[in-house]
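Peer 1: In numbering that gives the first Met the number 0, the protein residues as written are 0 to 409.
Don't take every hint at face value.
Claimed, not checked - Cut-off 20 Å, straight-line C-alpha distance, at most; resulting in silico cross-link-like pairs (DMTMM-like, lysine to aspartate or glutamate): (1) 52 to 63; (2) 52 to 62; (3) 296 to 206; (4) 52 to 31; (5) 296 to 310; (6) 155 to 201; (7) 296 to 123; (8) 156 to 201; (9) 156 to 113; (10) 52 to 153; (11) 156 to 116; (12) 155 to 119; (13) 52 to 24; (14) 156 to 119; (15) 296 to 327; (16) 23 to 45; (17) 155 to 113; (18) 296 to 284; (19) 155 to 116; (20) 296 to 268; (21) 296 to 278; (22) 23 to 153; (23) 23 to 55; (24) 296 to 325.
Keep in mind that the hints were calculated from the coordinates and are not lab data.
Owing to the predicted nature of the structure, the values given are computational and were not obtained by experimental measurement.
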Amino acid sequence: MVSELPAWAVRLRAERRTRLWSQKDMARRLVEAADDDVRARLPSRESIVRRIKAYEAGHNQPDDPYRLLYARAFSLSENELFGDALRNVGSEGDDEWSALELARRASATEVGRETLERLELAVDDLAVAYHGTPPRELLIRVRRHLDYVSQLLDAKKTLAEHRRLLVTGGWLSLIAATCLIDLRRFPAAAARLRTAAQLAEETEHREITAWCLETEAWQVLTEGDYRRTLALSQAAQHVAPRSSASYIQATAQEGRAWARLGAARETRDALNRVARLAEPLPVPDQPEHHYRYDPAKSDAYLATTLSWLGDPAAESYARGMLARLESDSPKRPRRALAARLDLALALLSADQPDEAGHMTIAALSDPHLVPSHHWRAAEVIRALEARRVPAAVELREAYQELCGSSKEPA
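Turn these sequences into a full structure, and let the hints steer you where they fit.
Peer 2: What follows is the structure, encoded as structure tokens:
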């Protein structure tokens, strides 16, 4: 049955289990997270293990300094661990969990085929929802499923069922990491990526391993570390199954890194490889699925990459991509937003700063904008300011209002 433990107790246990830490491992991590003066006052490891058992059983909630130590060990905030977020998931998250639990209880075994299939379908649903759901909302749903997977790891099951659970946990951890990167919460994202990579290694799931590397490559690209982006993208290609979605996406990411480094020949080579890989692919049955390659994505990457090279062809690709997305049904709002920013960059390359400013203003006012888009808008703002375009003043004000008055487009 669904646990009646306090939400924070379920959370502490789930976070530990998703990292595959024993309670002794957890005690060690708490000690390592302590400053020297706090560490000197901590009791023995055995006493800390007893505390951990009591916390996870819901007997008492951690107080100082253990709340802070847990937050540091998991790379999460104290509010995330001990707040009311999970108790207020809302009807949709509750319904998802209840449906999964009902299916499990109806099964003849403690886990069962029906529960595993529903969990795997839930992963697909969450991967599709990624492109249209605010990352904070999606993260709550993903965590709920991760908690449920963690509970099932203690149930009796076959080795095959155990592997499927770990693979599901790997995909969920990967989606959680992507949401956290969108929110610019990099330490928490790194922790989720490590968990996903560990589960992928244990299950020998090369696709998840490749996506972990590609996801990190995307993150460091947004931070301006182009050499590391290149290394991670190439590492992802090395482990990814040939012609898989992760292989193609990592190749496209390599092209973006080369463009940022000003290497035109290497950039075009990567773009040509993407085109050859994507050309024979059919449109997937769920084109919005974050881990399935939609051939239409190649034009979006082409527009961005050519813009960074200063190639005038970028404008036509960007306009065509935006026109298709605006006429598509169903709508793809986050992709359309990214296409506007791509077009703004392309227009700058084509020396059309006024229209680039208008496109960026529209993007900044779009309700589907997430923090991981900000760096792209900032790039346009800096270029417009350098050209002393009048719209740059309005854009700077809009950017600062969006990101906080203390932040500059940098």
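Peer 1: If you draw a straight line from the CA of residue 156 to the CA of residue 116, is it 20 Å or shorter?
Peer 2: 15 Å, holds
Peer 1: With the threshold set at 20 Å, check whether the alpha-carbon distance from residue 155 to residue 113 stays at or below it.
Peer 2: 15 Å, holds
Peer 1: Please work out if residue 156 and residue 119 have their alpha carbons no farther apart than 20 Å.
Peer 2: Holds. Residue 156 to residue 119 sits at ~17 Å (cutoff 20 Å).
Peer 1: Checking one constraint from the list: CA of residue 296 to CA of residue 123, max 20 Å. Satisfied?
Peer 2: Holds. Residue 296 to residue 123 sits at ~19 Å (cutoff 20 Å).
Peer 1: Check whether the Cα positions of residue 156 and residue 113 lie no farther apart than 20 Å.
Peer 2: Satisfied, since the Cα-Cα distance of roughly 13 Å is no more than 20 Å.
Peer 1: Within a Cα-Cα threshold of 20 Å, do residue 296 and residue 278 meet the stated pairing?
Peer 2: The hint holds at about 11 Å.
Peer 1: Assess, step by step, whether the Cα of residue 23 is no farther than 20 Å from the Cα of residue 55, and give holds or violated.
Peer 2: 13 Å, holds
Peer 1: When you check the alpha-carbon spacing of residue 296 and residue 284, does it fall within 20 Å?
Peer 2: 15 Å, holds
Peer 1: What's the verdict on residue 23 and residue 45, does the C-alpha distance respect the 20 Å limit or exceed it?
Peer 2: Holds - the C-alpha atoms of residue 45 and residue 23 are around 8 Å apart, at most 20 Å.
Peer 1: Can the restraint linking residue 155 and residue 116 be considered satisfied, given a maximum Cα separation of 20 Å?
Peer 2: 17 Å, holds
Peer 1: Residue 296 and residue 206 were given as a pair; does the straight-line alpha-carbon distance stay at or below 20 Å?
Peer 2: 19 Å, holds
Peer 1: Within 20 Å, alpha carbon to alpha carbon, are residue 155 and residue 201?
Peer 2: 19 Å, holds
The structure shown violates none of the earlier numbered hints.
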